[in-house]
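Participant: For the protein sequence lines, the chains are B and L, in the order given. Going left to right, the first sequence walks through residues 1 to 113 as the numbering used here numbers them. Going left to right, the second sequence walks through residues 1001 to 1115 as the numbering used here numbers them.
No lab work stands behind these hints: they were computed from the structure. Note that CB positions come from ideal geometry on N, CA and C, so glycine has one too. Among these hints, one or two may not hold up.
Said to hold, decoys possible - Covered stretches of chain L (in silico footprint by chain B; criterion: 3 or more residues with CB under 8 angstroms from a CB of chain B, positions within the stretch not fixed):
(1) 1013-1024
(2) 1052-1059
(3) 1066-1075
What the hints assert, rightly or not - Taking lysine to aspartate or glutamate pairs in the EDC-like style, the calculated list, with each CA pair at most 16 angstroms apart, reads:
(4) LYS57/B / ASP24/B
(5) LYS71/B / ASP24/B
(6) LYS71/B / GLU28/B
(7) LYS1102/L / GLU28/B
(8) LYS14/B / GLU56/B
(9) LYS1102/L / GLU56/B
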Amino acid sequence: DTGVSQDPRHKITKRGQNVTFRCDPISEHNRLYWYRQTLGQGPEFLTYFQNEAQLEKSRLLSDRFSAERPKGSFSTLEIQRTEQGDSAMYLCASSPGLVGGYTFGSGTRLTVV
Amino acid sequence: AQSVTQLDSQVPVFEEAPVELRCNYSSSVSVYLFWYVQYPNQGLQLLLKYLSGSTLVKGINGFEAEFNKSQTSFHLRKPSVHISDTAEYFCAVSVPNTGFQKLVFGTGTRLLVSP
């Protein structure tokens, strides 16, 4: 069990550019979640995958955001045409079941300048 | 919809003193309750959880929490804190039997332990 890995740890991008983040969950976990955390706030739910199927999306996930989990393994979160308001920590988590909490990764901190 | 209130944004305490971090939640249905800790520039680590059963829950690093249904609270306690406990603490809830486990977090409490 190597935990949940996220890459990159930090990303600085210019407004209007596209960015993509990667998450590798714990291998036996079939459930994967993305959250966004802004400064001084708790994490907010973005989207949920069970295996390769994206089953839930928050209204926070605008049309500029897209997430995938091909083959039910790693996941990617892409933000197109980034805006300054997208600056945040993007957290990935995975779980083996429906209860009991998640295991979080260390996050990707995005700064849009 | 569920919500979580952590009234204290920051709690300063001296090393070896006891501490209580407050968490209140709002929900029209039963919930699961969690406490997570976040160290600087890191993800969240699960401290403890209440799913059912005994209302006193013990977690890692000497922390415990008590579920009080009538007061809709789930306060986190530690009898003697260490410098290394300095971190951000988040209370969260989820609703059972909804098909997936969405966590709703509070805004966090920063615990500052000084010597």
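Participant: Look at each hint and say if it fits the structure.
Facilitator: The hints, checked one at a time:
{"no.": "1", "hint": "1013-1024", "result": "violated (count 0)"}
{"no.": "2", "hint": "1052-1059", "result": "violated (count 0)"}
{"no.": "3", "hint": "1066-1075", "result": "violated (count 0)"}
{"no.": "4", "hint": "LYS57/B / ASP24/B", "result": "violated, 19 angstroms"}
{"no.": "5", "hint": "LYS71/B / ASP24/B", "result": "holds, 12 angstroms"}
{"no.": "6", "hint": "LYS71/B / GLU28/B", "result": "holds, 13 angstroms"}
{"no.": "7", "hint": "LYS1102/L / GLU28/B", "result": "violated, 19 angstroms"}
{"no.": "8", "hint": "LYS14/B / GLU56/B", "result": "violated, 29 angstroms"}
{"no.": "9", "hint": "LYS1102/L / GLU56/B", "result": "holds, 9 angstroms"}
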